[in-house]
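Asks: Chains as they are written, first to last, in this note's numbering: chain A, 1 to 244; chain B, 1 to 152.
It should be emphasised that the hints constitute simulated quantities derived from the structure, not laboratory data. Don't take each hint at face value.
[Unchecked claim] Straight-line distance between alpha carbons at most 20 Å, and here's what the computed EDC-like set of lysine to aspartate or glutamate pairs gives:
(1) A:Lys112 to B:Asp96
(2) A:Lys112 to B:Glu107
(3) B:Lys83 to B:Asp126
(4) A:Lys112 to B:Asp119
(5) A:Lys240 to A:Glu230
(6) B:Lys47 to B:Glu100
(7) A:Lys112 to A:Glu48
(8) B:Lys83 to B:Glu100
(9) B:Lys83 to B:Asp119
(10) A:Lys112 to B:Glu127
(11) B:Lys47 to B:Asp96
(12) B:Lys47 to B:Asp81
(13) B:Lys47 to B:Asp33
(14) A:Lys112 to B:Asp33
[To be verified] Selected chain A positions facing chain B (in silico; Cβ < 8 Å):
(15) Met46
(16) Glu48
(17) Val79
(18) His82
(19) Gly116
(20) Val120
(21) Val169
(22) Val179
(23) Ser183
(24) Gln184
(25) Gln186
(26) Ile197
On a predicted model such as this, the values are computed, not experimentally measured, just so you know. Backbone N, C-alpha and C define an ideal beta-carbon position, used for all residues, glycine too.
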Amino acid sequence: MHGFANPTRFLSIARPLTPVLLWLGLALVAVSLYMGLFTTPADRLMGETVRILYVHVPAAWLGMAGWTSIAIASVVELVWRHPLAAIAARASALPGAFFAALCLITGSIWAKPTWGAWWVWDGRLTSMLVLFFLYLAYIALARESQSEAAAGRTGASRIAAIFGIVGAVNIPIINRSVVWWNSQHQPASITMGNSAIDPAFLWPLGIAVLGFSFIFGALVLMRMRTMLAEIRIEGRLRRKAMEA
Amino acid sequence: MTVKAKHQRLTLILLAFVALLAAVLLAAYALRDQASYFYAPSDIAAKNVEVDRAIRLGGMVRRGSIAQAADGVTVNFIVEDGKGSVPVTYRGITPDLFVEGSGVVAEGRMNANGIFVADNLLAKHDENYMPRELEDMNLDEIKQQAESTVTQ
Chain A
1 MHGFANPTRF LSIARPLTPV LLWLGLALVA VSLYMGLFTT PADRLMGETV
51 RILYVHVPAA WLGMAGWTSI AIASVVELVW RHPLAAIAAR ASALPGAFFA
101 ALCLITGSIW AKPTWGAWWV WDGRLTSMLV LFFLYLAYIA LARESQSEAA
151 AGRTGASRIA AIFGIVGAVN IPIINRSVVW WNSQHQPASI TMGNSAIDPA
201 FLWPLGIAVL GFSFIFGALV LMRMRTMLAE IRIEGRLRRK AMEA
Chain B
1 MTVKAKHQRL TLILLAFVAL LAAVLLAAYA LRDQASYFYA PSDIAAKNVE
51 VDRAIRLGGM VRRGSIAQAA DGVTVNFIVE DGKGSVPVTY RGITPDLFVE
101 GSGVVAEGRM NANGIFVADN LLAKHDENYM PRELEDMNLD EIKQQAESTV
151 TQ
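The shape of chain A in the complex, shown without the other chains (with noise of 0.2 Å):
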């Protein structure tokens, strides 16, 4: 596992990884995406708008897996000081918040024919929100403790790392939240084995959750790999002003 920490045997796999990724997840997203506006039937309450499905459960899965990655890549960060943890972190941050906002604004939109409001103040609602606004914390905090870094003053990343760990616990509760509270969003369809979801239905979005993770990857990657670059930029230019 330590092999893979050193940037450039990453950057030797991750160089060939993304397009790879990007264009499998673009297939698979079309694919889904057709099948889910055109060859799936309606749902038998709420008639076209199960559609939204397709987009709505990636999103909220990849807004949450992101978050995930953060708190997994942080811990990694701050006890093996592996400095390429820090920028998987970062780079994920941004994917992340992008997916959780595309959730909620997928999500009112299918409330306000489903349930008669775009907006309620239930437990799953507001947890969504506040990993929103975690995230944009998150950005704002690692943004900063770049710039720390970048002025000969470390450990302003550790910062950015614990509020990734700390974080964390919203998504347990994102999780639970229609489980411990009476709330207007619906318990989960997709249990352990278990799926109250009809086949006609599953199959697309299966297929849409794999494809919107393969592009999620595929921009972690990008990421990562423009902040490396970014790095090694900075260091060439340093070496420069020092000869001249």
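Go by the hints and put chain B onto chain A.
Replies: Here is chain B on its own, set in the frame of chain A:
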């Protein structure tokens, strides 16, 4: 035996996270009632909800209970949760998903006669997603339908 620094850090982080999680779980447990979005019909009886206090009532609409009043805009129905039931009256347009046997969240207050007067209705969707064609079939019929469409 010397303890490696990284193992010490790992233990500390895990301990801190477990402590934090326990604190949050305790807080969530204490919040149980306050963080609930609505009262269930059985809660209304058990918790002595005050008359004329703004609350939300959530449950299933009892089958056969929806009755349109003579004025044409008032609906009366019964919300139940298996352990209790509360009669509700609402004046206004009901949401599309408001049907008998499905979930509803009503905003309003209890009156002195034990009737819940709703100002607003929200439909609640359950966790089941099913195409329209399969709605009235039971599991065996769905299986039969699926088998009949498979070509040998």
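Asks: Against this structure, judge whether each hint is valid.
Replies: These are the hints, each one checked on the structure:
Straight-line distance between C-alpha atoms of A:Lys112 and B:Asp96 comes to about 11 Å, which keeps the hinted pair within the 20 Å bound. Between A:Lys112 and B:Glu107 the CA atoms are separated by roughly 16 Å; this keeps the pair inside 20 Å, and the hint holds. Restraint check for B:Lys83 and B:Asp126: satisfied, since their Cα atoms lie roughly 19 Å apart, inside the 20 Å limit. Taken as a hint, the A:Lys112 and B:Asp119 pair is honoured in the structure, with Cα atoms around 17 Å apart against an allowance of 20 Å.
Between A:Lys240 and A:Glu230 the alpha-carbon distance is near 15 Å, which keeps this suggested pair within the 20 Å criterion. Distance check on the hinted pair: B:Lys47 and B:Glu100 sit about 26 Å apart at the alpha-carbon level, beyond 20 Å; violated. For the hint pairing A:Lys112 with A:Glu48, the CA-to-CA distance comes to about 13 Å; that is within 20 Å, so the pair holds. For a cut-off of 20 Å, the pair hint linking B:Lys83 to B:Glu100 stands: about 18 Å separates their Cα positions.
For the hint pairing B:Lys83 with B:Asp119, the CA-to-CA distance comes to about 24 Å; that exceeds 20 Å, so the pair is violated. Restraint check for A:Lys112 and B:Glu127: the C-alpha separation of about 17 Å stays at or below 20 Å, so the hint holds. Taking the CA atoms of B:Lys47 and B:Asp96, the gap is about 31 Å. The hint is violated against a cut of 20 Å. A C-alpha spacing of about 15 Å is found between B:Lys47 and B:Asp81, which places the hinted pair at or below 20 Å, so the restraint holds.
Taking the CA atoms of B:Lys47 and B:Asp33, the gap is about 11 Å. The hint holds against a cut of 20 Å. For the hint linking A:Lys112 to B:Asp33, the alpha-carbon distance of about 26 Å lies beyond 20 Å, and the restraint is violated. With its C-beta approaching chain B no nearer than about 7 Å, A:Met46 sits inside the 8 Å limit, and its interface hint holds. The criterion of a C-beta within 8 Å of any C-beta in chain B is not met by A:Glu48, whose closest approach is roughly 11 Å, and the hint is violated.
Here the hint on A:Val79 is kept, as its CB sits about 5 Å from the closest CB of chain B, short of 8 Å. Look at A:His82: its Cβ only gets to about 11 Å from chain B, farther than 8 Å, so that hint breaks. A least Cβ separation of about 4 Å between A:Gly116 and chain B falls short of the 8 Å threshold, and the interface hint therefore holds. A cut of 8 Å between beta carbons decides the hint on A:Val120: the least distance to chain B is about 7 Å, and the hint holds.
Residue-level restraint check for A:Val169 holds (minimum Cβ-Cβ distance to chain B is 5 Å; threshold 8 Å). Below 8 Å, beta-carbon pairs count as interface contacts, and A:Val179 has none with chain B, the closest being about 11 Å; its hint is therefore violated. Evaluation of the A:Ser183 hint against chain B yields a held restraint, the C-beta minimum of about 5 Å falling below 8 Å. With 8 Å as the threshold, the beta carbon of A:Gln184 comes within range of chain B, its nearest partner Cβ sitting at about 5 Å, so the hint holds.
Interface restraint check: A:Gln186 against chain B, minimum CB-CB distance 5 Å, threshold 8 Å, status holds. Interface restraint check: A:Ile197 against chain B, minimum CB-CB distance 4 Å, threshold 8 Å, status holds.
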